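Assemble chain B onto chain A, guided by the hints.
The listed protein sequences correspond, in order, to chains A and B.
Note that the first sequence covers residues 1 to 447 in the numbering used here.
Note that the second sequence covers residues 1 to 235 in the numbering used here.
To be clear, the hints were calculated from the coordinates, so they are not data collected in a lab.
These numbers come from a predicted model, not from an experiment.
Virtual Cβ for every residue (Gly too), placed ideally from N, Cα, C.
A couple of the hints might just be wrong.
To be verified - Pulled from the structure, derived: some chain B residues nowhere near chain A, Cβ distances all over 12 Å:
| no. | residue |
| --- | --- |
| 1 | Arg11 |
| 2 | Ser44 |
| 3 | Ala187 |
| 4 | Ala191 |
| 5 | Gly214 |
Stated by the list, open to error - The calculated label-pair distances, taken between Cβ atoms and stated as ranges, are:
| no. | chain 1 | residue 1 | chain 2 | residue 2 | range |
| --- | --- | --- | --- | --- | --- |
| 6 | B | Arg151 | A | Val432 | 55 to 61 Å |
| 7 | A | Ala68 | B | Glu184 | 35 to 41 Å |
| 8 | B | Glu88 | A | Pro82 | 47 to 53 Å |
| 9 | B | Pro148 | A | Val116 | 24 to 30 Å |
| 10 | A | Arg25 | B | Asp33 | 44 to 50 Å |
| 11 | B | Pro148 | A | Val2 | 29 to 35 Å |
| 12 | A | Gly5 | B | Glu88 | 40 to 46 Å |
| 13 | B | Asp235 | A | Ala110 | 31 to 37 Å |
| 14 | A | Phe392 | B | Asp33 | 24 to 30 Å |
Letter by letter, the chains look like this.
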Amino acid sequence: MVAEGGEGRVFEVLDRPGILFKEYRRPVDASSLRDLVVWASASGSLDPVMATRVRLATAWPQSVVRGAAPGLADGLLMARAPRRFSLRHRDGIARLATLSYLTADPVRRAAAYGLVLPGQGDAARIGLVYALARTLEVLEHARPSVGHGDLSAKNVLWSTRRGPEVFLLDCDNGERFGPTGAPLGAPGRRRAMTPNWDDPTVPAGGNPGFASDRYSLALIFLRVVGAGHFPVQKRQRMAETVEVELALPSAVLRNPAMAPDAPLWAMLGRGLSSMAGLRPPASTWSAALSDVLIGLGASAVLEAVHAAQGSGASSIPGEPIVGPSAPDVAVRPRPARPRTEMWTFHRPVASGGHIPAAGGARGSQASTPPPAAPPAHLPLSAQAMAGLRRAFAGWKSLHRWAGSALGTPGRRSVGARRAAVCAVVDFVVACVGLLLFAMIVSPFLGI
Amino acid sequence: MNSEPVGVEERYAVFPFYLCLDVSASMAGAPIDSINRQMPELRSSVGDDPAIAEVVRFAVVTFSDVARTVLPLSDLSLVEAVPEVRAEGRTSYGAAFEHLRQVIETDYHTSRASGDRWYRPAVVFISDGRPTDEEARWRAAHARVVDPTWRRRPNILAFGFGHADPAVLASVVEGKPDRAFIAEEGAEPAAVVPKLMKGLISSIVSSSASVYSGEAQLTPPDVPGMTPIPVDQLD
Numbered sequence: 001m002v003a004e005g006g007e008g009r010v011f012e013v014l015d016r017p018g019i020l021f022k023e024y025r026r027p028v029d030a031s032s033l034r035d036l037v038v039w040a041s042a043s044g045s046l047d048p049v050m051a052t053r054v055r056l057a058t059a060w061p062q063s064v065v066r067g068a069a070p071g072l073a074d075g076l077l078m079a080r081a082p083r084r085f086s087l088r089h090r091d092g093i094a095r096l097a098t099l100s101y102l103t104a105d106p107v108r109r110a111a112a113y114g115l116v117l118p119g120q121g122d123a124a125r126i127g128l129v130y131a132l133a134r135t136l137e138v139l140e141h142a143r144p145s146v147g148h149g150d151l152s153a154k155n156v157l158w159s160t161r162r163g164p165e166v167f168l169l170d171c172d173n174g175e176r177f178g179p180t181g182a183p184l185g186a187p188g189r190r191r192a193m194t195p196n197w198d199d200p201t202v203p204a205g206g207n208p209g210f211a212s213d214r215y216s217l218a219l220i221f222l223r224v225v226g227a228g229h230f231p232v233q234k235r236q237r238m239a240e241t242v243e244v245e246l247a248l249p250s251a252v253l254r255n256p257a258m259a260p261d262a263p264l265w266a267m268l269g270r271g272l273s274s275m276a277g278l279r280p281p282a283s284t285w286s287a288a289l290s291d292v293l294i295g296l297g298a299s300a301v302l303e304a305v306h307a308a309q310g311s312g313a314s315s316i317p318g319e320p321i322v323g324p325s326a327p328d329v330a331v332r333p334r335p336a337r338p339r340t341e342m343w344t345f346h347r348p349v350a351s352g353g354h355i356p357a358a359g360g361a362r363g364s365q366a367s368t369p370p371p372a373a374p375p376a377h378l379p380l381s382a383q384a385m386a387g388l389r390r391a392f393a394g395w396k397s398l399h400r401w402a403g404s405a406l407g408t409p410g411r412r413s414v415g416a417r418r419a420a421v422c423a424v425v426d427f428v429v430a431c432v433g434l435l436l437f438a439m440i441v442s443p444f445l446g447i
Numbered sequence: 001m002n003s004e005p006v007g008v009e010e011r012y013a014v015f016p017f018y019l020c021l022d023v024s025a026s027m028a029g030a031p032i033d034s035i036n037r038q039m040p041e042l043r044s045s046v047g048d049d050p051a052i053a054e055v056v057r058f059a060v061v062t063f064s065d066v067a068r069t070v071l072p073l074s075d076l077s078l079v080e081a082v083p084e085v086r087a088e089g090r091t092s093y094g095a096a097f098e099h100l101r102q103v104i105e106t107d108y109h110t111s112r113a114s115g116d117r118w119y120r121p122a123v124v125f126i127s128d129g130r131p132t133d134e135e136a137r138w139r140a141a142h143a144r145v146v147d148p149t150w151r152r153r154p155n156i157l158a159f160g161f162g163h164a165d166p167a168v169l170a171s172v173v174e175g176k177p178d179r180a181f182i183a184e185e186g187a188e189p190a191a192v193v194p195k196l197m198k199g200l201i202s203s204i205v206s207s208s209a210s211v212y213s214g215e216a217q218l219t220p221p222d223v224p225g226m227t228p229i230p231v232d233q234l235d
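Same shape as in the complex, but just chain B:
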């Protein structure tokens, strides 16, 4: 016998997605334009379907010299448009990871206070370059994000193109197999980014469906070699 009655306020746990986007100067032009063009489709695909919007929360964090939250963690059905992003500065991975750790922690407590329970968050990290900050700094910041003792540590998927370094991206996903993807050498960012964004949309849609099955999975974008990752529910 379960002592807790099922009431109208009992909801499914939500699946937080953080799009962590490199907006350094090298992303200017086609890559950034392409992202900005695809954002309305992402908002509409997730936000306009009440069944998906119900269980997905989405945030956009950008990084260059500094990291910023462009779209705070949101129910996309309640957002008319995702603000556009602009290219600027260099590529500080350290700023990105420091900011991610802080916003995930803050968002978790805000969500809990409003009655939402969380599945382990997902970070989709997209970069076209190598980190320009000191290696010690970004590795320390990254270590805090993937710290096994931090209960909110996210699952990270990393995608690189342009000058992104496969070895660095592998470090970002802690060397876990099937979680990092790098575009073929010489691939045009203008061709890679739209595919990546479409993949991200289908990833969010598929992952949201798994929430209802009771066995949530982070479904990666449709990239060869990537397989779904089981996701646990946080306290």
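So that you can see chain A by itself, here it is in the shape it has in the complex:
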């Protein structure tokens, strides 16, 4: 089993590498799923270039696994997220790269997990939203169009290893929409929305609508580029107007495309608006973010996104970026001040004792006075295991580093040199291992 969630369980398919089987807890309507499968398949109406973009950036349903009861599906087959959509914590274990890593102070994430993440307002963060916009514009402009409906932190994976990329999960939550924006799926079908990532205009118990992905895209831009939570929905549900203060590095705000008076901010406000009709389509976002990246001198990011999505095919022309301000949401960019919290990762101390409180504090490191008589002793085995995992992760990275060059045409000589380094490391490790083994067994052999 790969994962377990509220909807069901996900398993590897042994004879089909890269494919996963999602088994529902309760069988679901098969026809809606089948329609989604056909929509992105060769027999569907999607342009092949756009279909490739969807295939490379989503775990789109590929086949429906029929249930015993007629008209119901027990599960589906879908693509597994490629390995690059994971992050390796300092303990050496890889975890799915969810958006949660990006929606907080990167310094805090670095302290917690030992990860180096792009900073607030960084071109790589903008590139990730650009990659998402280019994926969503395909869904939105197809006929029929499709809305994902649950673009939450857990359902949007990201990677910057080959340039900014996203990979959408839970695409079986999608719905096809007709030209009027009415859903085409079976009536009564329930679709998920994750709290904190949901469209505030959708009433409790309701399904996400055609414009819900547009809201999610704007929210993801705000949270990913701004590296924070910006919890706006609660206020929006209470019909309050919302003013967002978006702190960004001064260097970013000096760029005309992101200057405080740039049309991007009014567009972001419209995207977050409770007036769903004001929300710009994904294609408008991709055009706007393309301009921003060029303005930031990050054309390489743009090209990397195109390459990762399988082609440099231009985006679908969108609406003009310039438009009215939303009456209910205003976004005010301002130069970022240094964050006041400090984050410290706590390792257990060397001889039995308590550890100080771990957390953030304004202007000073959080701490709790140590109690007088420490009763606890340390989990040395945990430390040793963590050390072993780190060493193993380092060894694997070294070999991947060599392997990636060996497998790239034109870089094979570099790869050969790296392979030689690996061989030396492996030889040394083997010698040390043999020595240790000999030291352990020699007393038993009387040597």
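Then chain B, alone, in the frame of chain A:
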């Protein structure tokens, strides 16, 4: 119109959990070993998921003759390992409740000073025995923890096994229904404790998800009869 803008420093309120653990001598062996074995899983399940770690703060308080804070209230993503606990002494409920009242009050003020807002804290009280201190003492200390005029008074869930007294545990949760659980008579602690710890992990994970919905709930471990408890946000 809301006059306060939403800025990058606006965060969700955090949900503090205090694991209040009986480490009296009778817990020696399988129960304590089992707790120590499960702690890395708890740390990893909560701390390694940034969405959960963001809104959960976790502390471990142990009690025997005296009570101690083994792990101060922490963001588990910033802690590499929870220190192991050792069995010692007798079972002073009084020491446990006196210590809890003091640490919750101190932690609240420390958190507020660093900008964190709190949901009402949860205390998960685990014991395998009856209190060995004077009844008047522990009841007085307990009364201070559940004092309705104390704004930080926690929701308490109690779990007992071994020689724990159901009537005493019911008092610990103020007789509130569905908040105390006692293992079946004769149940092996080595079998009960792992289930309890796994239940605690899923309880923390589910409770953290409710924070994002805006209607926080303390989801008890998956024990028959226990139902989620709505949790209010403190000032």
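Structure-based check of each hint:
1. Arg11: violated, 6 Å
2. Ser44: violated, 8 Å
3. Ala187: Fine: 27 Å to the nearest Cβ keeps Ala187(B) off the interface.
4. Ala191: holds, 23 Å
5. Gly214: Incorrect as stated: the minimum Cβ-Cβ distance to chain A is 5 Å, not above 12 Å.
6. Arg151(B) <-> Val432(A): 55 to 61 Å: holds, 59 Å
7. Ala68(A) <-> Glu184(B): 35 to 41 Å: Since the Cβ atoms of Ala68(A) and Glu184(B) sit about 37 Å apart, the hinted range of 35 to 41 Å holds.
8. Glu88(B) <-> Pro82(A): 47 to 53 Å: holds, 51 Å
9. Pro148(B) <-> Val116(A): 24 to 30 Å: Violated, since Pro148(B) and Val116(A) (Cβ atoms, about 49 Å apart) do not stay within the stated range.
10. Arg25(A) <-> Asp33(B): 44 to 50 Å: violated, 35 Å
11. Pro148(B) <-> Val2(A): 29 to 35 Å: violated, 48 Å
12. Gly5(A) <-> Glu88(B): 40 to 46 Å: holds, 41 Å
13. Asp235(B) <-> Ala110(A): 31 to 37 Å: holds, 32 Å
14. Phe392(A) <-> Asp33(B): 24 to 30 Å: For Phe392(A) and Asp33(B) the Cβ distance comes to about 27 Å; the hint holds.
Comparing the model with each numbered hint stated earlier shows that hints 1, 2, 5, 9, 10 and 11 do not hold.
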